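Engineer: Next come the chains, spelled out residue by residue.
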Amino acid sequence: MWGFYIEQLMHSLPFFLKGLWMTIAVSGISLVVGTLLGFLWGIIRSSQNRILKALVGAWVDIIRGTPFLVQVFIIFFILPEFGIQLEAFPAAVIALTNLAACFICEIVVAGIQAVPWGQREAAISTGLNWYQQLRNVIMPQAMRVILPPLVGQYVLLIKDSSVVSAIGVVDVTRVGWLTVQRVPQGLLVFGLVALLYFIICYPLIQLSNSLEKRMSSGYSRGKV
Amino acid sequence: MIEFKDVHKWFGDLNVLKGINLKVAQAEVMVVCGPSGSGKSTLIRCINRLESIQKGEIVVDAMKVHDPKTNMTKLRAEIGFVFQQFNLYPHMTALQNVTLAPMKVRKIARKEAENMGRYSLEKVGLGDKLHQYPAQLSGGQQQRVAIARGLCMRPKIMLFDEPTSALDPEMINEVLEVMRNLAREGMTMIVVTHEMGFAREVSHRVAFMDFGELIEIAPPDEFFSHPKSERTKLFLSKILTH
Chain F
1 MWGFYIEQLM HSLPFFLKGL WMTIAVSGIS LVVGTLLGFL WGIIRSSQNR
51 ILKALVGAWV DIIRGTPFLV QVFIIFFILP EFGIQLEAFP AAVIALTNLA
101 ACFICEIVVA GIQAVPWGQR EAAISTGLNW YQQLRNVIMP QAMRVILPPL
151 VGQYVLLIKD SSVVSAIGVV DVTRVGWLTV QRVPQGLLVF GLVALLYFII
201 CYPLIQLSNS LEKRMSSGYS RGKV
Chain P
1001 MIEFKDVHKW FGDLNVLKGI NLKVAQAEVM VVCGPSGSGK STLIRCINRL
1051 ESIQKGEIVV DAMKVHDPKT NMTKLRAEIG FVFQQFNLYP HMTALQNVTL
1101 APMKVRKIAR KEAENMGRYS LEKVGLGDKL HQYPAQLSGG QQQRVAIARG
1151 LCMRPKIMLF DEPTSALDPE MINEVLEVMR NLAREGMTMI VVTHEMGFAR
1201 EVSHRVAFMD FGELIEIAPP DEFFSHPKSE RTKLFLSKIL TH
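Which chain is which? The protein sequence lines are F and P, in order. For the first sequence, the working numbering assigns the number 1 to the initial residue and increments by one for each residue that follows. For the second sequence, the working numbering assigns the number 1001 to the initial residue and increments by one for each residue that follows.
Accuracy of the hints is not assured; some may be wrong.
[Claimed, not checked] Here are the computed lysine-lysine pairs in the DSBU-like style, where the Cα-Cα straight-line distance is at most 35 angstroms: (1) F:K53 / P:K1129; (2) F:K213 / P:K1129; (3) P:K1023 / F:K53; (4) P:K1069 / P:K1005; (5) P:K1074 / F:K53; (6) P:K1064 / F:K53; (7) P:K1129 / P:K1111; (8) F:K53 / P:K1111.
What the hints contain is simulated information worked out from the structure, not anything from laboratory work. Here the structure is a predicted model, which means the values were calculated and not measured.
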């Protein structure tokens, strides 16, 4: 009995790989763009500009305080009401990019705050401008705090990408839904789905762990 | 070189500087002492605008420090600042620490900046520690790198905010020795410190601060042997007993 289903599943394997590719495409684009945006927003939130700071802060709070599924629906179903028509794929990428940027923004803010104020004062008093302080003094130190949770956040976001299957993006999760209608062995089908996610996420988990170890011992952080 | 004109500063309701008037001449070494919380750190932090002021004016080398039109980069490049906690950049070697600002602010080419950096570090006796990270150096060595970082910008003024207070006793002297040499070379210096030996030996004038006011300024001989104010006498009696 199981053998029969496994064989059927094997027939669907190319379909699964296509879904895997879609998952990688949606998360990959979102993580890259979301990281850039997240750093930008995080730096703005750590700056002195009150208005921009408040705007970014409010946006991040709204996104963090609402379910991702609802955000995806709003972008896909509700924006068209206002004349913004989006295919499922760009809608998914926009939603996930935004989510990534918001979480990464918070990680970046925490990293920047972890750099002692005296570092900034030392940089200020030698005449470095705002950008030079950030580029040469603050961010290199903040990165040590940012990197481990950043990679951990990537894992969470890749898993969150499964939500976009709800608007018809044929990612691994969607492939699971479609397959289980023909191969009525939920355990097997979604076991395979889970395995595929795990294969992408596990190396990242390992990377995050090893970064954590490296960063906590690391350089020569003496008395600062 | 440095002039305070009726400078007032508040932290919220707390009046930390109450009408400071002070002139420091070129090549003068002035020591500022006083109990903690008297406003002496705030006083020197105002000189390179690490702190704002609410009233009055500070003029450094003909530049008004708290005028929004003042080019702060230019002003700060002229003023070296040494912190109690060193504040070296932990991710950079000693040489990188001292060459960063010359390269970025003064736009000096790397090669030349490194020559200047090497010279500055040799001057503070650390010519053999160019490529060490701060955590590989002792406290006294770190503070000397911090002094070299200031010197490497070729400043006209050096400000010291309790430079030896975070050091173990056996390391204090190596830092004071560097400062003594600087004073001898004619650097304009304001030093906030409790090192009364240094004040007596090196400074031209000693200022005593209490509750945000400059109580007394006098040459060290006079300051230590004939203090005028009761508060100065009380402070000296506490600090000079050991």
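Engineer: Could you grab the alpha-carbon distance between K53 (chain F) and K1129 (chain P) and see if it respects the 35 angstroms cut-off?
Structural biologist: violated, 42 angstroms
Engineer: Is the Cα-Cα distance between K1074 (chain P) and K53 (chain F) 35 angstroms or less?
Structural biologist: holds, 29 angstroms
Engineer: Take a quick look at whether K1129 (chain P) and K1111 (chain P) sit within 35 angstroms of each other, Cα to Cα.
Structural biologist: Given pair K1129 (chain P), K1111 (chain P) holds - Cα atoms ~18 angstroms apart, limit 35 angstroms.
Engineer: Does K53 (chain F) lie within 35 angstroms of K1023 (chain P) when you go C-alpha to C-alpha?
Structural biologist: violated, 41 angstroms
Engineer: Holds or violated: are the alpha carbons of K213 (chain F) and K1129 (chain P) at most 35 angstroms from each other?
Structural biologist: holds, 28 angstroms
Engineer: K53 (chain F) and K1111 (chain P): Cα distance at most 35 angstroms?
Structural biologist: violated, 40 angstroms
Engineer: Does the alpha-carbon distance linking K1064 (chain P) and K53 (chain F) stay inside the 35 angstroms limit?
Structural biologist: Measuring from Cα to Cα gives roughly 30 angstroms; hence the hint holds.
Engineer: Does K1005 (chain P) lie within 35 angstroms of K1069 (chain P) when you go C-alpha to C-alpha?
Structural biologist: Between K1069 (chain P) and K1005 (chain P) the Cα gap is close to 19 angstroms, so the pair holds against 35 angstroms.
Hints 1, 3 and 8 from the earlier list are contradicted by this structure; the remaining hints agree with it.
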